[in-house]
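Given chain A's structure and the hints, the job is docking chain B onto it.
So the sequence lines, in the order shown, correspond to chains A and B. According to my numbering, the first sequence is numbered sequentially starting from 1. According to my numbering, the second sequence is numbered sequentially starting from 115.
Source of the hints: derived by calculation from the structure; they are not laboratory data. Heads up, the beta-carbon is just placed ideally off N, CA and C, and yes, glycines get one too. Careful, some of the hints might be misleading.
For lysine to any residue, the following SDA-like pairs were computed, each having C-alpha atoms within a straight-line distance of at most 20 Å [what the hints assert, rightly or not]:
| hint | chain 1 | residue 1 | chain 2 | residue 2 |
| --- | --- | --- | --- | --- |
| 1 | B | K213 | A | G96 |
| 2 | B | K218 | A | R44 |
| 3 | B | K213 | A | P75 |
| 4 | A | K57 | A | Q41 |
| 5 | B | K218 | A | D38 |
| 6 | B | K221 | A | G40 |
| 7 | B | K218 | B | Q122 |
| 8 | B | K184 | B | S144 |
| 9 | B | K213 | A | R44 |
| 10 | A | K57 | A | N18 |
| 11 | B | K218 | A | P39 |
| 12 | B | K213 | A | R68 |
| 13 | A | K57 | A | G96 |
| 14 | B | K221 | A | P39 |
| 15 | B | K184 | B | D145 |
For the chain B half of the interface with chain A, some residues (derived, Cβ under 8 Å), not all of them [what the hints assert, rightly or not]:
| hint | residue |
| --- | --- |
| 16 | Q158 |
| 17 | R164 |
| 18 | K213 |
| 19 | G219 |
This is what each chain is made of:
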Amino acid sequence: DGGITQSPKYLFRKEGQNVTLSCEQNLNHDAMYWYRQDPGQGLRLIYYSQIVNDFQKGDIAEGYSVSREKKESFPLTVTSAQKNPTAFYLCASSIGRGAYNEQFFGPGTRLTVL
Amino acid sequence: AQTVTQSQPEMSVQEAETVTLSCTYDTSESDYYLFWYKQPPSRQMILVIRQEAYKQQNATENRFSVNFQKAAKSFSLKISDSQLGDAAMYFCACGGSEKLVFGKGTKLTVNP
Chain A
1 DGGITQSPKY
11 LFRKEGQNVT
21 LSCEQNLNHD
31 AMYWYRQDPG
41 QGLRLIYYSQ
51 IVNDFQKGDI
61 AEGYSVSREK
71 KESFPLTVTS
81 AQKNPTAFYL
91 CASSIGRGAY
101 NEQFFGPGTR
111 LTVL
Chain B
115 AQTVTQSQPE
125 MSVQEAETVT
135 LSCTYDTSES
145 DYYLFWYKQP
155 PSRQMILVIR
165 QEAYKQQNAT
175 ENRFSVNFQK
185 AAKSFSLKIS
195 DSQLGDAAMY
205 FCACGGSEKL
215 VFGKGTKLTV
225 NP
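Same shape as in the complex, but just chain B:
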């Protein structure tokens, strides 16, 4: 079984600044993947970044990067040079052999 906790219901950032969204997880599986999904006001879910748990190197996708601390079961998302289009709900998720479990989300506001 998996659980995912996002402790920040809301965050805000100034345009062009950097923000970090927190996520902790727990799983009984040895092979699993971690994800960050973005849901803008259109409600279309979009994958931001994916991390393989057996890889120590942190995943990066352009302005998005993660800090994966396996021992601490922590998986935070850093958004650099924030843009107005980054405003959305962000969901952390943990996927194993059967299903994907989501956290409750963090609403990110980007201030111009």
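With the rest of the complex left out, here is chain A:
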């Protein structure tokens, strides 16, 4: 089955720790995205990548980092510099460059800082 997987579904982090959220797609899509969802805030873009080995900051990139070494994978690291990391994180992918096409979303990761 083609799709996007995210792991883990739930993640708990102690303050001061870095954690990495996994996102994998087998849709052969060029572009991948990371969003953060908070109650009442909709989805906000953290980072995006339109091609392997290249990525750009979104609207709320501070305290996050990404890599895009393979077309299928776009992991997100939440660093200790992110002051309020508790949120629901969604990964998405789309065919082609730009945001003209449908984005397909993974099931999400719920991150909680203890």
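Here is chain B on its own, set in the frame of chain A:
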């Protein structure tokens, strides 16, 4: 840059009735697309409908249709014959050459 505004945080509709969700947007791009996404309680985001800005004809997908008013920068979603499974958060979004920008969402409740 793009902005998307959904002015209705919550809406409710009776089963089998029709409901319209509002969305206004602003963008500096001449080529852009508009989207409505649905997020049910499972939190899985699903595309409902997509509209190409250069097309005047309103997009339709079964019971879902849009009213696209380009000059007014308005993009409302009409759900006909509402079903219990339509209960969800609905997000309007505007996509351009770089990124997709979402509104804050409208929570739709369907009453039996």
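Consistency of the hints with the structure:
1. Between K213 (chain B) and G96 (chain A), the direct Cα distance comes to roughly 12 Å. Compliance with the 20 Å bound is thereby established for this hinted pair.
2. The straight-line distance between the Cα atoms of K218 (chain B) and R44 (chain A) is roughly 9 Å, inside the 20 Å bound, and the hint therefore holds.
3. Taking the CA atoms of K213 (chain B) and P75 (chain A), the gap is about 18 Å. The hint holds against a cut of 20 Å.
4. A threshold of 20 Å between alpha carbons decides the hint, and for K57 (chain A) with Q41 (chain A) the separation of about 19 Å falls inside it, so the pair holds.
5. Straight-line distance between C-alpha atoms of K218 (chain B) and D38 (chain A) comes to about 10 Å, which keeps the hinted pair within the 20 Å bound.
6. Between K221 (chain B) and G40 (chain A) the CA atoms are separated by roughly 10 Å; this keeps the pair inside 20 Å, and the hint holds.
7. Between K218 (chain B) and Q122 (chain B) the alpha-carbon distance is near 9 Å, which keeps this suggested pair within the 20 Å criterion.
8. Taken as a hint, the K184 (chain B) and S144 (chain B) pair is honoured in the structure, with Cα atoms around 11 Å apart against an allowance of 20 Å.
9. Taking the CA atoms of K213 (chain B) and R44 (chain A), the gap is near 11 Å; set against the 20 Å cutoff, the hint holds.
10. For the suggested pair K57 (chain A) and N18 (chain A), the alpha carbons sit about 19 Å apart, so the restraint of at most 20 Å is met.
11. The suggested pairing of K218 (chain B) with P39 (chain A) holds, with an alpha-carbon distance near 9 Å, which does not exceed 20 Å.
12. Among the hinted pairs, K213 (chain B) with R68 (chain A) is consistent with the structure: their alpha-carbon atoms are about 17 Å apart, no more than 20 Å.
13. Taking the CA atoms of K57 (chain A) and G96 (chain A), the gap is near 18 Å; set against the 20 Å cutoff, the hint holds.
14. Taking the CA atoms of K221 (chain B) and P39 (chain A), the gap is near 12 Å; set against the 20 Å cutoff, the hint holds.
15. Distance restraint check for K184 (chain B) and D145 (chain B): the Cα-Cα separation of roughly 12 Å lies within the 20 Å cut-off, and the hinted pair is therefore satisfied.
16. Hint status for Q158 (chain B): holds, given a least beta-carbon distance of 6 Å to chain A, under 8 Å.
17. Proximity of R164 (chain B) to chain A holds as hinted, the smallest CB-CB distance being about 6 Å (cut-off 8 Å).
18. The criterion of a C-beta within 8 Å of any C-beta in chain A is met by K213 (chain B), whose closest approach is roughly 5 Å, and the hint holds.
19. Taking 8 Å as the C-beta contact cut-off toward chain A, the hint placing G219 (chain B) at the interface holds, the least distance being around 5 Å.
This entry satisfies every hint, going by the numbered hints stated previously.
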